[in-house]
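Student: Protein chains in written order, with the numbering used here: chain A, 1 to 328; chain B, 1 to 580.
FYI, nobody ran anything at the bench for these hints, they're computed from the structure.
Incorrect hints may have been included.
Facing chain A, according to a computed beta carbon distance under 8 Å, are these residues of chain B, among others [what the hints assert, rightly or not]:
hint, residue
1, Gly136
2, Val235
3, Ala253
4, Val282
5, Thr287
6, Ala291
7, Asn294
8, Asn300
9, Gly301
10, Gln304
11, Gly412
12, Gly413
13, Pro417
14, Asn437
Every residue gets a Cβ at the ideal spot worked out from N, C-alpha and C, and that includes glycine.
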Amino acid sequence: MVRFLIKRILTAVLTLTAVSIVAFLMFFALPADPVTGMCPKNCNTERLERVREELGLNDPKPEQYLNYMKGIFVGRDLGSAQGGQCDAPCLGYSYVNSEAVSDTFARVLPVTLSIVIPAAIIWLVLGIGLGMVSALRKGTVLDRLSVGFSLTGASLQLYFVGAVLQLVFVYTLHILPTPGYTSIFEDPLKWAGGLVLAWWSLAFLFSAVYTRLSRAQMLETLSEDFVRTARAKGLAKGKVYGRHALRAAITPMVTIAGLDLGSALGGTVITETTFGIRGLGRTAVDAVRLGDLPTIMATVLISAFFIVLANIVVDLLYAAIDPRIRLG
Amino acid sequence: MRARVVAAAGSAFAVALALGACSKNTGTKTDVDTERKTTGVIATDPKDSLGPAPEVPGAAKGGTFTILRETQISHLDPQRVYSFAGLMAAPLYARYLTTWKDDGKGKLTLVGDLAETPGTNVNKDCKVWEFKIKDGLKFEDGRPITSKEIAYGIARSFNPDLTGGPTYIQEWLADSAQYDTVWDFKANKGSLPPGLTTPDDKTLRFEFKTAHCDLPFAASLPATAPLPPDKDTGVNVDNQPFASGPYKITKVAPGVEVVLERNDQWDAKTDPVRHQYPDKFVWSFGTTPDAQANRMIADNGPDQSAVAFNTVPASLISRVLGDATLKSRSLLSPTPSANRLTINTQRVTDLKVRQALNYAIDRDGLIKALGGEAVASPLTTLLPPATLGFEKYDAYPAGPNGNPDKAKELLGGKEVPLVLAVRDDDLNQRLGTQLKNNLEKAGFKITVKTTPADSYLDDVKNKNNAWDIYLDSWAADWPSGAAVLPVLFDGRGIKPAGNSNTSYVNNDAINAEFDRVLAMDPAAQAPEWAKLDKKIMEEVAPAVPLYVDVSFNLHGSKAGGVFIESIFGNVSFVNAFVKQ
């Protein structure tokens, strides 16, 4: 197990290093010139050159890359034009936000986590729960309702569902406050009230896949010999379905859940835009729109980190769920 | 001065679809005050510059006033503020050398803000200006504000790290566009730029090599806000400006919100324009214009004391105008942003052709294509009505839909081919089609060339651009003809690229007129600019004036005291209060 973990972490580090190199090269390949954003209106060649020099953009590319990576681990001095000393993990300076990129992320990351984690809990419980009930009550009204629910979820777009929910619960019934983010440590009720529509919108759409998948997996597992044997031995229904059948059926869902969670943590752009909440997703989109290259690069790295982390967690969960899978 | 880019409404999310679908087009008139024009003076009596500002009828203290905006304010550091949102936010926490008393209906008075008067033209030649600083001014920590901190604020605007702000005063002091090369701020910390002195704590003196009669106007921009040297953290001031105004910034979360709370060191008796009614102002970012409008329409909870800073999106205009309650909660006013069809006089050399274009223009059709009276208001002059001394006239009277027959008559029966350049976005392409159809009825053969929106401005500013006519706009930084006509039509400074004179007019008689008027005392210039506007249109016709942008903002039922100010045409918060 430990050997497996070390191996996976090493692979993750290699993957992230490769991503960082690609992202860094992308930084220089993009048409937007990082200097343009900070050159005054009456910019001339001499002034542009001076800014380039100050930013270290005339240094060899490998040196610039190493400086960037050094900043992440030990911090670095970015110069007066970029706010001076930037503590680790230093991801550069954003001219758009006039602050260190790490400060931006320290602010927006909790927002994205606050949207995604509760939403993921809802979509997993709802999706897998409905799928199981549907499989166990195959052919009944309950099954049809569950299938219909999942089809609806899969067919709709978040910006539509989100808008309708806001129209009903915020603008018409006045039951919920205008969506927004408040820190859970500041006011847990306000935190939940401001995000609940985002959770349910996201969960409604994501859970559809899990309902369909868990239903199909469960039906397949229920027809397996070991389930029949367990039932024949006189094991209680709950034990057979919960301990044996569900455990066997859940493996593919763990894979999808890991990927979904990883990519959602990388940014829920549409959710954030629909509800006017600024997390990682909107930060990334705004950065692209405004040519905020240090923020774009940091977003790429952080998104990659979440995906890689999610994959490691999925691998570990595999082992926990299914003893047939041997790690290492 | 900023050439303003017409931005098409970008995001049309389903909130708008869902709610906008409920609206119906009632065809209601907008009641835009198209006759709103600016009248103003430069205060000479120091009493005009004294506080407190008159109480706003019905105003009450307390509450939180929220301002919703789609994108964040680009800079909060007063020396870097230049965006419309920044210019509207800065008066809450920063004070300047001079400022405008504005009744929201076009009556303006330039008064001293930190200064006792809007400046003394010492030798009456606009080369030496002196400002006496008021007593009783304090920063948020209680330290007194003297001429030294104001001078330091101006000096730090020479710092090349602090990009984004206006550069008038720096260029005038250095007598060069390369002001930061002439005087290196970082190498001379502790001293002041050439020509800027503080003979004592109460006096600030500017000495220019050439006449700059517009200094009292330029001093009304936030770049003249004071800052003690020990509070200068360079680019980081952007996220922690040091307050001299009625509010201090207590929280800055870029892209999310800016929170301002009462500054108890601000003394209303020293301030002729600002109030301190709400306990708190919150600028909240990230809400699309559609969502802002829908929140204002719903008028729930905290949104009752909020204002939507972005204008009402096209999908909701008819709904708002068709509902008396919503209409009563809207601000609708023409702005100083003037749009024109610029004629490249290097290519269209025949005056009669340029005059024919003026006769041919169908302003009514163009405004309909733009979205109607709630978006644009017709303009027949080069100066917008928001300019001091403005006189309404039409050098080529042809009615709201133009006079194609008169245009054809001027063209002598010939078909004149012209190349019209437009940006490649939806709105501008639509305008291009409208103009083509309009002008071709009057005897022109129009070829529409769409060009990438990103490079459009740079392209039209190239002297040798390959186009005959193009859509252009101008929003001046102060309501003087000096900030419009010489900038757009003085041909002596035409360069290969980066021109504001995009008509490429270089007329000796007109240039001489610019020199004559610019040498006059600023107070006497206003009527002269209006006369010159008419002269340029009649004798040169370098453009077809089209329309001014209209601001259309919604606010909640408890948001009071907001109005569209007369300088930049955006919502002002100096009188804002929360109805109790």
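Student: Can you give the numbers of the hints that this structure goes against, from lowest to highest?
Tutor: 1, 4, 10, 11, 12, 13, 14
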